[in-house]
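Enquirer: What follows is the residue order along each chain.
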Amino acid sequence: MKKSSILIILLVILSLGICGCSKDDSSQIKIGVIAELTGDVPAVGASCKNAAEMAVQEVNDSGGIQLGDKKYKIKLIIEDNAGKADQSASSAQKLITQQKVTAIVGPNVSRYTLPAAEIAESAKVVLITPWSTAPKATLDSKTGASKKYVFRACFIDPFQGGVLAKFALDNLKLKKAAVLYDVASEYNKGIAEIFKEVYEKNGGKIVAFETYTTNDKDFSSQLTKIKQAAPDVIFLPNYYSEVPLQIQQAKRLGITVPFIGSDSWGSEELVKLCGKDCNDYYFSTHYAADASTDATKKFIASYKTKYGTTPDDVAALTYDSFGLLWQALKTAGKNDRQAVRDALAKIPQYEGVTGNMQFKEGSGDPVKSAVILKIKDGKFTWFANAKP
Amino acid sequence: MTYIFQQSLNALQLGSIYALIALGYTMVYGILTMINFAHGDLFMVGAFFCFLLAVYFHLSFVPVLLLSMLGVACLGVIIERLAYKPLRNAPRVSAIITALGVGLFLENFTLALSPYPKHIPPLLENTTWTFGTLSISSLQIIIIVLSLVLMLILDFIVQRTKAGMAMRAISWDKTIVPLMGVSVDKIISLTFAIGTGLGGAAGVMYGLAYPVIDPYMGIMVGWKAFICAVIGGIGNVRGAMIGGFILGAVEIMVGAFFPSTYRDFVAFTLLLILLIVRPYGILGKPQPQKV
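These protein sequences, in sequence, are chains Z and G. As numbered in the working numbering, residues 4 to 391 make up the first sequence, in order. As numbered in the working numbering, residues 1428 to 1718 make up the second sequence, in order.
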């Protein structure tokens, strides 16, 4: 009897807590962020959160956004998807139905973006993913046509995979490649397949095409097989938390050929986890912090003063996603989901901190260039540009 | 030929770590007929102890290994006292759910401290010897030898000492043994300490072999080690060791000779077939239900 009454009191308190927070304020625009704050790639989520908070603070410090004759402050609501696809979906649901946000930025990792994008699309709410490069994110799962409410700030994998294949063939002059990738992850799988296709079409030979599944730590079997196939270069389109293990195990097995990677390498955590082992390898990414324009330099400087680190590509792309959103809001002139979507779809081009983006009518994917970075003494340095 | 030898070495390394973890499952099951699903997460805590001791206290390998084993063993005993002992006479299902809860607690507690994957600095100077196309790293040898030594010590304790005899007796009949003057609580604590301590040692070695650790690392490895314990015959110490090496070998060899995408699929189909042929595991004996 006593226990059950305590339970009831607890439930009442809890439900009060839930109801208490949904007060509406008409002079605010609510923007939701879904980020990978915990889970397998927390560095990605942290960068996204930092850049989002910075972008919103800049707008609020300047008094807010002028829509019609009223200035609106921005309220940021950040949700953690814990590195899980299902939690991504429920975060999106929560932001849309409970928090009633005008638009959502994130998630970043493709396998978490897909479910959230589906929900945003069906609820007719704009979702801009900063970092998800898998083509499927902006495509309708049934018809294959472009989604109407999903946009992104980055290039897509077919472009990136092609850039890397040509880079290995033309710049590095390496004609035999091996690939090791996570077969259970949308992004890794997509880019590995495109790399293979372009590499073979341009005269290269794929000598080993090996897979593993997410959370594997032992790659010795696959790497021994790759060693047997004697490639000139090994392509690892995998996340920064796995790449160090793969490279270290490869070295322990006596593999000495160079490694190349994709934009999923581009976190400073990679260097922390890898130590010296990742030096002198190349990867493609969205922007180079050391070779940049004035607007980018300004962004990098204020990010550095605020958080003490150089912004990685996720941070820069998140900042650009918000830039796109501000522009759409201003063009729309009102705090309305549909109006923001229509304005966003009409932006022909945008000059962001990650370079110039051009949008084609009816597609949420920007056309923009990629850069190849080299890891030199634990620092990411600019090596080459690749135009679309 | 060297290819097969190289893959065998890989299999031995993976298998010895599986075997060490599987021992923890099998020992607890043997004595309590309960599956300690938190064991995989205790293994994870072992790896994090290793990280803390190596990074913040700058200890060398031997003290790191011993202190991590001790730390995890203490944690194991505390968990048994707080979470499992009150449920000793409750239905087994309740105890298993509690174990799952403890596992989730450990994961999320570590996660709350810091969600970032951690890098364990190299505690041992690694040298790689190359013979033609064959590469043997000193780390690989150390992991295999050390695991074997730990398993031999355990086997000695269980088979040749009084405490070991008491453990075997309790797993035989829990109601009669106290009448012979054996303190059941003490023996159960000791079993937990040894079992989780070995899990901690596995965590340290895993951390050395695969030096990027995260709070979720224990889940998959834990499940696989549990499978090892079952195919070896759960409750049987030698069976767990054999099971560990079998799973390691199957995983690596399937990856070596089939497309690696089919690895888990083929590996676990083989294990299923093994269980159909020998439902009690390789060394397990059918146990008639006592009424």
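I should point out that these hints are in silico values taken from the structure, not numbers from a laboratory. Note that the structure is a prediction, hence the values are computed from the model and not measured. Check each hint, because a few of them may be wrong.
[What the hints assert, rightly or not] Straight-line distance between alpha carbons at most 27 Å, and here's what the computed DSS-like set of lysine-lysine pairs gives: (1) Z:Lys-73 / Z:Lys-103; (2) Z:Lys-192 / G:Lys-1613; (3) Z:Lys-307 / G:Lys-1545.
Enquirer: All hints, please: hold or fail.
Expert: Quick rundown of the hints versus the structure:
no.	hint	result
1	Z:Lys-73 / Z:Lys-103	20 Å, holds
2	Z:Lys-192 / G:Lys-1613	52 Å, violated
3	Z:Lys-307 / G:Lys-1545	23 Å, holds
This entry does not satisfy hint 2, going by the numbered hints stated previously; all others are met.
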